[in-house]
Structure formats: C-alpha cells, structure tokens
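**Student:** Chain by chain, the residues run as shown.
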Amino acid sequence: MGTRLALYLGLSMVAVLVRLLWDLRFAGPTLYALAAVATLAAGLWAIRGKPLPLAWLGLTIGLTGAVAGYGLPWLSLLIPLGVFVGYWGWAKHVSEKDLGAFWGWALVWPAVGLLLVWQVIPAFYALWLSFFDRFNFIGHSRFVGLLNYEILLTRDPLFWKAMGNTFWFVVFTVPIGIGLATLAAILLNEKVRLQGLFRTLYFLPYITALTAAAAVWDWIYNPEFGFLNWLLGTPGFQWLSTPEGIFARMLRPLGINLSGFWAGPSVAFVAVMAMSVWHFLGYQVVVLLAGLQNIPKEYYEAAELDGASWWQKVRFITWPLLSPTTFFLFTLSLIGAFQVFTQVLILTPTGGVLQDTLTITLYLYNKGFRDSNFSYASALAVVVFMVILVLTLVQRRVLERRVTYEA
Amino acid sequence: MRPKPLRWQALLGQAALYAVLITGSVVMAFPFYWMLATSLKSPQEAQQAVPVWVPERLKPANWAAAARLGAQGGSMWWGGYRAGRSVVLRIYTGEKGLEPVVTIPTPPAAFSDPRADNTRVETTFKDGRWEIALTNGGQGSFRLLPVRVYIAKSYREFHPELQPDSVSSRGDNWELSWSNLAPGVLGYVFHNFREAWYAAPFGRYFFNSFFTALTQVLGGLFIAAMAAFALARIPFPGKEFVFGLIIATLMIPGEVLLIPNYILLSRLGWLDSYYALIVPWLASVFGIFLLRQFYLSLPQDLFDAARIDGATYWTQLWRIALPLSVPGMVTYGIFTFLGAYNALLWPLIVTNSPEMRTIQLGLQSFIGEAGSDYGGLMAASTLSILPIVLGYFLAQKQFVQGVARSGIK
Chain H
13 MGTRLALYLG LSMVAVLVRL LWDLRFAGPT LYALAAVATL AAGLWAIRGK PLPLAWLGLT
73 IGLTGAVAGY GLPWLSLLIP LGVFVGYWGW AKHVSEKDLG AFWGWALVWP AVGLLLVWQV
133 IPAFYALWLS FFDRFNFIGH SRFVGLLNYE ILLTRDPLFW KAMGNTFWFV VFTVPIGIGL
193 ATLAAILLNE KVRLQGLFRT LYFLPYITAL TAAAAVWDWI YNPEFGFLNW LLGTPGFQWL
253 STPEGIFARM LRPLGINLSG FWAGPSVAFV AVMAMSVWHF LGYQVVVLLA GLQNIPKEYY
313 EAAELDGASW WQKVRFITWP LLSPTTFFLF TLSLIGAFQV FTQVLILTPT GGVLQDTLTI
373 TLYLYNKGFR DSNFSYASAL AVVVFMVILV LTLVQRRVLE RRVTYEA
Chain B
225 MRPKPLRWQA LLGQAALYAV LITGSVVMAF PFYWMLATSL KSPQEAQQAV PVWVPERLKP
285 ANWAAAARLG AQGGSMWWGG YRAGRSVVLR IYTGEKGLEP VVTIPTPPAA FSDPRADNTR
345 VETTFKDGRW EIALTNGGQG SFRLLPVRVY IAKSYREFHP ELQPDSVSSR GDNWELSWSN
405 LAPGVLGYVF HNFREAWYAA PFGRYFFNSF FTALTQVLGG LFIAAMAAFA LARIPFPGKE
465 FVFGLIIATL MIPGEVLLIP NYILLSRLGW LDSYYALIVP WLASVFGIFL LRQFYLSLPQ
525 DLFDAARIDG ATYWTQLWRI ALPLSVPGMV TYGIFTFLGA YNALLWPLIV TNSPEMRTIQ
585 LGLQSFIGEA GSDYGGLMAA STLSILPIVL GYFLAQKQFV QGVARSGIK
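Going down the list, the protein sequences come from chains H and B.
For the first sequence, my numbering assigns the number 13 to the initial residue and increments by one for each residue that follows.
For the second sequence, my numbering assigns the number 225 to the initial residue and increments by one for each residue that follows.
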C-alpha cells in the first residue's frame, strides 16, 4: 500500500513537472495528457476497495487540476490540493506504514520538485545546450557535438587567460586567507580585554555586501586621491589597471625577467585579491573560533603541567585538533574562490586592462549575457563543473588522510 | 610544579598579542571608517590627495551655523528655502575691502535648482563682517540653495561662518561655493545621504531586497523544514533516493545553473519579476541538511508520546519539531537573508528594469552613474549596508553562532 501511495504522489508530481516542461516546449501536450491519466490510474489503484466519498472528491479535484492545468497553468496547483483532500477522506483506514509513505512524500515533494526543476534538470540541460551552436533564442541552432569544447580548450586564449587568473586567485586567497584567519582565531581565543570588540571588528566585513565593500576599496585604490597611494607614497599608481605580473614586478630589480603565466597575477588582480581576503576573513575566523572552542580544555591543562610552551600547545594540540575545521573551510573557500565574481565586476568592470582580471565566472557572464552565446557559455560552465568536481575529489583524497579527527 | 614564567616575558607576550590584534583590527575596520568619513565629505574634501580624516561636516562648530542658516531658510533640522524667506550669511573679514560678488549657479551645475534664479542678493558691511542677505523672491519653496561667493585675494584673512564646500582660485578672487547655504543641522551633516537618496529610487531597491529576501527565508524555511522532518523522522519508500538526490545537488556549482535557469525563466515569462528573484532559490540543500541535523538530535520518546496521543506527522512537525529547532531556523534564516540581500550576480542577470532592481544592483549601477561623486557613492554604500549592520548589532549572538554552526558538521 505504501508503495502505491508513493507512486500516486510521485505521478502527480510528474504531472506538474510535465506541465512545466510543456510550457518550456520540451514535450508535447500528449505527454501531459498521459501524465494526467497516469495520475488518475495510480490514484484509483491506491484507494482500490475503499470507495470513500472524500477520497473520490480529492481524486476528482486532482484530475480536474491535471486536465484544466493544460490550458490554465495555475490550475495545476489543484493536483496537490486534490491529493490532500483525497488523503483526508481516506486516512483513517490506513496502516502506520502507509501513513509514513504518504507523509514522507507529501513533505519532501516541494523540496524535491524545486531541486529537480531548478537544479538537477538545469544541470543536465546545460550539458545538452553545450552541444549546440550559438543558441540565443533567435534563429535555428545546430547540434555540433563537442565543437564548443574543442574551440574552448584549443582555440580560445581568453578561456585560458580566465582559467589562469582564477587559478592564481585560488592559490593566493585560500591559503593566505585561512592562514591569517587561523592566526587571528588563535589570538582571539586567548584571554584578552575587549575580546568582543575585536571579534566584531574582524567579523564586520563579512556581513557587509561585497558590492558596497568593493565600492569602498575602489575608492581606496583610486590612483589620484586614493588612500593607499597616499599611505605608500606612490602618487598616481594605478592599482586597478596595472596589467604587469606581480612576480615579474618583484623580480625585475634582480635582473630576472618573467613573462606569460610565470609573471604571476597582475598587480590589479592582486589588489582584488587583497580586498577578497579582507572580506572573507571574518567568516573564517568565526568558524575557526567555534572549532577552537570544541577542543577540550583538559588537553591544555595537561600540557601545561608537562611544561609545554605557548608555541608547543599551538603546534601539538590546537593545530591537529583544529584540522577538521580547517579542512572544511579549505574545501568551502576553494569552491567559493573559484566562483569569484562580484568584486571583479565592481572593481574592474570590463575585466581589467588586457583582460588581466577576467575570471571564469566573469567570462561566463560575458559570453552568456553580454554576447548572448548561451551554448558556448554552457560549455564553459560544464568545464567549470568538472574542474570543481576534480578539485574537491582530489582534495578529499589528499587532505583527508592528513586530517586528525577526534576519537 | 614548573616555575611561573618571568614577569617581563609574560608582559612581552601580552604586548605582542595586543599589537597584532590591534593592527589587524585597524586594517579590518579602516575601510568602514573611510566609507563613513567619505560619506560626510564635500566633493572637494573627497578629492584631496592628502586624506581628510575629519570632514568639516562632522565638526560641531559648523553645526550651529548650519542650524541658524537652516532656521532662516526653512527649518533648523533640514533647512530648505521657503518663498519670501531671507538667509543671511556672515563672512568675517575685519576690514572693509572689496565687496564680495555673489552668484547663484545656474543649471546644469551640480546641486542647483532653476528656482534659485529668483533670489535677490544684498551685501552690507557692518561690525567687521560682510553680511550677504539672500531673499527668495519667487513663489515656490525649494530644497537646496547653492551659492558662490567671490572674495578678493587682497583680504589678509576672511572667515565665513559656515565652512564652504569648496574653495578654489579664480583670478584675483577666491571662489567659495556652498552646495546648500540653508542646510539645517541634519541637512548639513547628511547632505550626501539625502542627495544619494534623491538621485536613485533607493526606497524601491530596499523594498525589493527585503521582499525577496524575506520571502526566500520564510518560503525556504517552510519547504526545508518539511523535507528535513520527513528525512529525519519518517520511514518511507524512496527515502534513499531523495537523500541521494539532495547529496547530488550539493555538487552542482552555481555557475552551471545560471544559463539554463535563465532560459527556463525566460520561457516561463518570469524574467524581470519577483518570481525570478525568489523561486529558483527556494529549495535549499543547506537548510535541509541543517534542520535535518536538528531533528535527528531530538529524542524519539517525544514523538512516540505524541503519536500515542493521536498526533499525525504533520502535528508532530508543527507542535514538537519546529519549536525545538528555533536555533537551526535562525541560522538558516540569517544565512539565506544575507545571501539574498547581498546577491549581485543573479539579480543582475534576471532583472533589467529599475523597478525590479535590488539594493546591490541599484548600488552597482549607481557606482557607474555617480562618476567621481565619491561622497554620494559612499553615502549610498553606507545606506545599503546599514540594515544588515544594525541587524548584526541587535542579534550579534545569533549571527555569530549561525556562522559558527555552518562550520560544524
């Protein structure tokens, strides 16, 4: 009986889904009618032998919703309503197990439906779209197989530029950010006066919207009257539009000339990175502080009895016991850093001089929504998905072995 | 027992600790100070090569003058320039030199109002000061009275009672200009805020942001709580499948969804509407996991007792599980609200009319439009972060615990 109910609910969900798909011209009306009939059949099966008036009423409402929803989309909402009315007429005659089946599906289906419609199916749709030629709503688009990927990976220097930039962003911001955050968290965990004030000051940037924060930093980086140039005594220095690589710039006085990828991220991009580290530090500090407070005090007391110094306590107790938290933060920051967008858009709206601050997400945005080349942008998105997936898996493999979990 | 470390060592350690913490705090807090300070600066102060630490508008000495001039023009607090009123500006010179020349800037100069053209100007000298009386001879009242005064460089010193917003050299004269001569105290201090507010429909932006964020929080909470309860407390066929689906969803990065969801929304005709801002993000895997964790930690006895009393799963969810998971819901609410309120990319893609802009999007386009008016831009930025920062100070504990909880799995 439980399985039948699950089927009934599942199929009514399918009816709503198909309604949506029909709207999207993915499937013909026939499919929709089929789904409506299937809903009814499953419903009849579910209440077989129990012809209770309310259950029948519910089924009728559900079916009306399914059929009328064909012309008037909002009437599709009658389907779940019918299901519920049907249930009330019928509930008193079912077993505990059936109740579980009914309620289980009734409660998860909004979430599952939304996840399917807005996340799972779109992910596959992106993959499907990436096999077409210049899809942009207008005109006919051709199935071209892997052509977009071929162009992307072999003939698109901007893609590699964006990849390289994003790579540098991850390599610079994640370890530096977590390193600084660990230091700050360990210090903030000591007994200090005004601890609350310090914590608030470190946390405040995180809750500030990136847009507003980037606007301030844009002003701090201003070459003519920005604060940073005044502080460093470098009037007129163009922080946000200097395309020279940071390594190349640092090593040039020593007579070493670097070029291309080895020149490192541009000065402009480093400025963006500094702003990002500043912004996300508070989040990392708070998460690490929570991790620190989970370490039992007894360990420190025991270590003190043995005469351990401050550094030894940090090195042999705090560091290993904090590693699960650090690992979690690392994974999260890695994925977050890979998706950097807002700061770059505000600070260098066009992707910087010579596209030196173009990141993957900005490139995707440009390709999809400025050039209206949705299929090419989809191919880009799929590649990003692959990279993030591989990164996460590799990281889990490599790092998890070194992470000490508490017994 | 090990001997206590020497006193000077402990002191040194403490000093180093505080030094690092204070340096860090200064770096973290400086941009906020700079945002606030700049939002109170006049355009000239904002564009000085040497930073202005305390803007003129923050100095109480100027407030009295601003209040007096504001009261003459309209009100002591917000100023204004009513029909028939006279505003008298005093410039202390000590000696009677060349008479200052007064002009009212005409459009398209910044901060000017065509109605100011009807202003009559009289200049008199008495008791060592020039008194410049400006009278509104027109029929209408208006908000800003922009004034420029040219005063000869032959004066050894001069001192206007209200500090001008900019001073520049014009041949044999100094050009003193005020963007509003009858400001009132609040109108003077919050000049940039008021101008930014009038320059863009920030009220609408705020409404859009709050509306979408709150709807997302409440709707998402409802959906996530139901799903989480079913996954944690109800045995049903297909549970493994649902759980697997949710885990799989976790791996999909946001970028992949931008384009297909945009296409979906456009086919549904939902672009540039609240649906587009709200619906795609209603179901949150984070929320389901978080609340599921809470429901799993509740003792089974509670639910057994309820069932014996005849409570359905629905009643158990509403009467037992939900009230006990308030901390989890607050965490979810704060995160979702922050995410929705601070989002830029998604609103940028799915909306295009000014009426549907959220505050971040409004700010983003304001950054382009404001040009070099950094005071106005910083005022707008301050406005945009104000609700969240105020919320943080009211519910500090929940904010911090929420973030902390997101890190403990």
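Calculated from the structure, these hints are not laboratory results.
Note that the structure is a prediction, hence the values are computed from the model and not measured.
Some hints here could point you the wrong way.
Pairs of lysine to aspartate or glutamate residues, derived as EDC-like cross-links and limited to a Cα-Cα distance of at most 16 Å, are as follows [said to hold, decoys possible]: (1) 109(H) x 528(B); (2) 320(B) x 341(B); (3) 350(B) x 319(B); (4) 463(B) x 110(H); (5) 320(B) x 381(B); (6) 309(H) x 202(H).
**Student:** Hints first: check each against the structure and report whether it holds.
**Tutor:** Results of checking the hints against the structure:
Restraint check for residue 109(H) and residue 528(B): the C-alpha separation of about 15 Å stays at or below 16 Å, so the hint holds. Simply put, residue 320(B) and residue 341(B) have alpha-carbon atoms about 28 Å apart, too far for the 16 Å limit, and the pair is violated. As the CA atoms of residue 350(B) and residue 319(B) are separated by approximately 10 Å, the hinted pair is consistent with the 16 Å bound. Restraint check for residue 463(B) and residue 110(H): the C-alpha separation of about 14 Å stays at or below 16 Å, so the hint holds.
For the hint linking residue 320(B) to residue 381(B), the alpha-carbon distance of about 12 Å falls within 16 Å, and the restraint holds. Our distance criterion of 16 Å between C-alpha atoms is met by residue 309(H) and residue 202(H), whose separation comes to about 12 Å.
In this structure, only the earlier hint numbered 2 is contradicted, and the remaining ones agree with it.
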